[in-house]
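Chemist: Now for the letters of each chain:
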Amino acid sequence: MLRQDFETMTLQYVDSLYHFALLLTRERDYAEDLVQETYLRAYRFCDRYECGTNYKAWLFTMMRNIFINKFHQRAREISLSEMDEVKENGYESPNGTLSSARSILEKGIFRADLEKALNCLPAQLKAVIVLKDIEGFDYKEIAKILGCPVGTVMSRLWRSRNFLKKTLKDYYEGRSVQKARMETA
Amino acid sequence: MYDCQTLMKLLYPYLDGELDIKESLRVQEHLQECPYCAEVFRQEKGFLQELKTSALIPSAPAHLQDRLRRSTKPLVLLQQKEADVLKGPRPRSSTTLLAATMAMFIMIMAGLILYVLPKQAKMSSQELAKTLVEIDRAAVELHEGILSGRDHFDIMSSDPAVIVGWVQQGLDFPLVLPQEEVSSMHLVGGKVVPFQEKKAALLGYEDKNYRVSLLVTTPMPAQVFEGKETPIQNLFFDKRKEIQYKNISFNLSKYKGYYALTWTDSQYSYVLVSDRKARIAEACRICHGGNDRHKVDGFDSLL
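Taken in order, these protein sequences are the chains called A and B.
Count the first sequence with this note's numbering and you get residues 1 to 185, in order.
Count the second sequence with this note's numbering and you get residues 1 to 303, in order.
Incorrect hints may appear among the rest.
Heads up, simulated EDC-like pairs for lysine to aspartate or glutamate below, C-alpha to C-alpha not over 16 Å straight-line [stated by the list, open to error]: (1) B:52 to A:138; (2) A:140 to B:16; (3) B:256 to B:134; (4) B:254 to B:134; (5) B:52 to A:115; (6) A:56 to A:5; (7) B:246 to B:275; (8) B:256 to B:172; (9) B:254 to B:275; (10) B:256 to B:275; (11) B:9 to A:5; (12) B:9 to B:20; (13) B:73 to A:138; (14) B:45 to A:92; (15) A:140 to B:18; (16) B:254 to B:141; (17) B:73 to A:7; (18) B:199 to B:172; (19) B:52 to A:135; (20) A:126 to A:115; (21) A:166 to A:92; (22) A:116 to A:170; (23) A:166 to B:134; (24) A:140 to B:20.
Going by beta-carbon spacing under 7 Å, a handful of chain B positions derived as facing chain A [to be verified]: (25) 10; (26) 31; (27) 32; (28) 33; (29) 43; (30) 47; (31) 54; (32) 55; (33) 57; (34) 59; (35) 71; (36) 72; (37) 156; (38) 158.
I should point out that these hints are in silico values taken from the structure, not numbers from a laboratory.
Heads up, the beta-carbon is just placed ideally off N, CA and C, and yes, glycines get one too.
Whenever a hint applies, use it, and build me the whole structure from the sequences.
Modeler: Structure representation (structure tokens):
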């Protein structure tokens, strides 16, 4: 890649990079520093990027490596808080979940609920959702970015999607019960 | 054909487009035959679609793009300099030659003045002691300013090339930093600061939860203390300790709870500041931990 193209190529992903940095560090200042570190490293080593491969995935992998190597303290704090992960549960149907999303009027509420539910997920599980469902990486790319086997990515996706469906359903049902009570009153 | 149980295992790989054509066709075959699985897959597809469209990606702050653009400027300058070096010296015009001759003359005169003047107007040891105290105190103030957030680095990076590229623009002496990490400490940032009527580079190093500042400037007055520990009254310091190591005189002092180690070699003067002596010793390894010749074994026991 030519250095002249670097800026245009990289800055188009600045929101995604910032989002992932925020997910890793959980603090805006740290996230900005991490994005800058990644940007500088990518600039220095952009001649090592293999054309034809996913440039965004290359940047994300680089960011995760920098986070582990340079933000020792922060990385340790985050990994310690990830001890209590979401338990493996059976299949959760999205039926009730979709009811809340279906109505246009409830779109804003659904979005807020989704945001809340995502924030309840441990970072490792949230990461796979962000990387797969929001950023659109494939399983192999996610495994490389997170430094884990593809099987782990698949099981985390299963657990995190189930957790989201369950949580969103609870929010929806909770609101329905509240609504019914208010109507009765 | 797959059974329902197998199909549930392939639910997400299928919807995520991770199956090969052969497997995908077998899944589709089952879905055509099984209305229960078809309904589950339809709902899941809707859920994933909803997830994709409803999840919000927080926008990066507006200033971040500018910050990123600015951050590569020192690297661009460095690359230009490297390219110039590779190209070799440019042919000099007669004006350049004249300017070079004049510059050389001025440098010789300046050297003579610097050599003769100190002998004529030698500072008393008390005056030199006071100067050293001021140096340490100023370095501690700078360190504290950064830690407390009163002051900030001009550039934040862990890459020595980036820091040098940026800081060098404001310095009137060449700054060289080790490029390889041999200590657990890493760079966090740097800035140019006015220091004792000169310019100095203030560099921040970090390891886990502590910070060390290194101040580098052109040579300052030689160290003057002869005793092992010399108390200095009314100058805010608890005590000062002189250490002789490899023909260099080091001064360790304490101010506002911070330790400052000051020394001068043939090219530069340095002040290392941290809250613990052990961290000062560890910080020495940033520059002196890489090869045998520059190792500082046993220095920490002298502090």
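Chemist: Work down the list of hints and note, for each, if the structure agrees.
Modeler: Going down the list of hints, with the structure as the test:
For the hint pairing residue 52 of chain B with residue 138 of chain A, the CA-to-CA distance comes to about 14 Å; that is within 16 Å, so the pair holds. For the hint pairing residue 140 of chain A with residue 16 of chain B, the CA-to-CA distance comes to about 12 Å; that is within 16 Å, so the pair holds. Only pairs whose Cα atoms come within 16 Å are accepted, and residue 256 of chain B paired with residue 134 of chain B is accepted, the gap being roughly 13 Å. Proximity of residue 254 of chain B to residue 134 of chain B is assessed by CA-CA distance (about 12 Å); at most 16 Å being required, the pair is judged to hold.
A distance of roughly 12 Å separates the Cα atoms of residue 52 of chain B and residue 115 of chain A; the hinted pair therefore holds under the 16 Å criterion. Between residue 56 of chain A and residue 5 of chain A, the direct Cα distance comes to roughly 14 Å. Compliance with the 16 Å bound is thereby established for this hinted pair. Simply put, residue 246 of chain B and residue 275 of chain B have alpha-carbon atoms about 25 Å apart, too far for the 16 Å limit, and the pair is violated. With a C-alpha separation of about 30 Å, the suggested pairing of residue 256 of chain B with residue 172 of chain B is violated against the 16 Å cut-off.
Under the criterion of a C-alpha separation no larger than 16 Å, the hint pairing residue 254 of chain B with residue 275 of chain B is consistent with the structure, at around 9 Å. Of the pairs offered as hints, the one joining residue 256 of chain B and residue 275 of chain B holds, with about 9 Å between alpha carbons and a cut-off of 16 Å not exceeded. Of the pairs offered as hints, the one joining residue 9 of chain B and residue 5 of chain A is violated, with about 43 Å between alpha carbons and a cut-off of 16 Å exceeded. Under the criterion of a C-alpha separation no larger than 16 Å, the hint pairing residue 9 of chain B with residue 20 of chain B is consistent with the structure, at around 15 Å.
Distance restraint check for residue 73 of chain B and residue 138 of chain A: the Cα-Cα separation of roughly 34 Å exceeds the 16 Å cut-off, and the hinted pair is therefore not satisfied. Between residue 45 of chain B and residue 92 of chain A the alpha-carbon distance is near 14 Å, which keeps this suggested pair within the 16 Å criterion. Of the supplied pair hints, the one linking residue 140 of chain A and residue 18 of chain B holds, its CA atoms being roughly 10 Å apart against a limit of 16 Å. At most 16 Å may separate the alpha-carbon atoms for a hinted pair to count; residue 254 of chain B and residue 141 of chain B meet this at roughly 12 Å.
Taken as a hint, the residue 73 of chain B and residue 7 of chain A pair is honoured in the structure, with Cα atoms around 12 Å apart against an allowance of 16 Å. Pair hint residue 199 of chain B plus residue 172 of chain B holds up; C-alpha atoms about 7 Å apart against a cutoff of 16 Å. Restraint check for residue 52 of chain B and residue 135 of chain A: satisfied, since their Cα atoms lie roughly 9 Å apart, inside the 16 Å limit. A distance of roughly 11 Å separates the Cα atoms of residue 126 of chain A and residue 115 of chain A; the hinted pair therefore holds under the 16 Å criterion.
Only pairs whose Cα atoms come within 16 Å are accepted, and residue 166 of chain A paired with residue 92 of chain A is accepted, the gap being roughly 7 Å. At most 16 Å may separate the alpha-carbon atoms for a hinted pair to count; residue 116 of chain A and residue 170 of chain A meet this at roughly 12 Å. Simply put, residue 166 of chain A and residue 134 of chain B have alpha-carbon atoms about 65 Å apart, too far for the 16 Å limit, and the pair is violated. Restraint check for residue 140 of chain A and residue 20 of chain B: the C-alpha separation of about 14 Å stays at or below 16 Å, so the hint holds.
Hint status for residue 10 of chain B: violated, given a least beta-carbon distance of 11 Å to chain A, over 7 Å. For the restraint placing residue 31 of chain B at the interface with chain A, the shortest Cβ-Cβ distance is roughly 16 Å, beyond the 7 Å limit, so the hint is violated. Because the closest C-beta pair between residue 32 of chain B and chain A is about 21 Å apart, greater than 7 Å, the hint is violated. With 7 Å as the threshold, the beta carbon of residue 33 of chain B stays out of range of chain A, its nearest partner Cβ sitting at about 20 Å, so the hint is violated.
Satisfaction of the interface hint for residue 43 of chain B is found here, the shortest Cβ-Cβ separation to chain A being roughly 5 Å, below the 7 Å cut-off. Taking 7 Å as the C-beta cut-off, the interface hint given for residue 47 of chain B holds, the closest approach to chain A being about 4 Å. Because the closest C-beta pair between residue 54 of chain B and chain A is about 5 Å apart, less than 7 Å, the hint holds. Taken as an interface hint, residue 55 of chain B checks out: its beta carbon lies about 5 Å from the nearest beta carbon of chain A, inside 7 Å.
With 7 Å as the threshold, the beta carbon of residue 57 of chain B comes within range of chain A, its nearest partner Cβ sitting at about 5 Å, so the hint holds. Satisfaction of the interface hint for residue 59 of chain B is found here, the shortest Cβ-Cβ separation to chain A being roughly 5 Å, below the 7 Å cut-off. Hint on residue 71 of chain B holds. Least Cβ distance to chain A is approximately 6 Å, under the 7 Å limit. Here the hint on residue 72 of chain B is kept, as its CB sits about 5 Å from the closest CB of chain A, short of 7 Å.
Of the supplied interface hints, the one on residue 156 of chain B holds, with its beta-carbon coming within about 6 Å of a beta-carbon of chain A, less than 7 Å. With a least beta-carbon distance of about 5 Å to chain A, the hint placing residue 158 of chain B at the interface is held under the 7 Å criterion.
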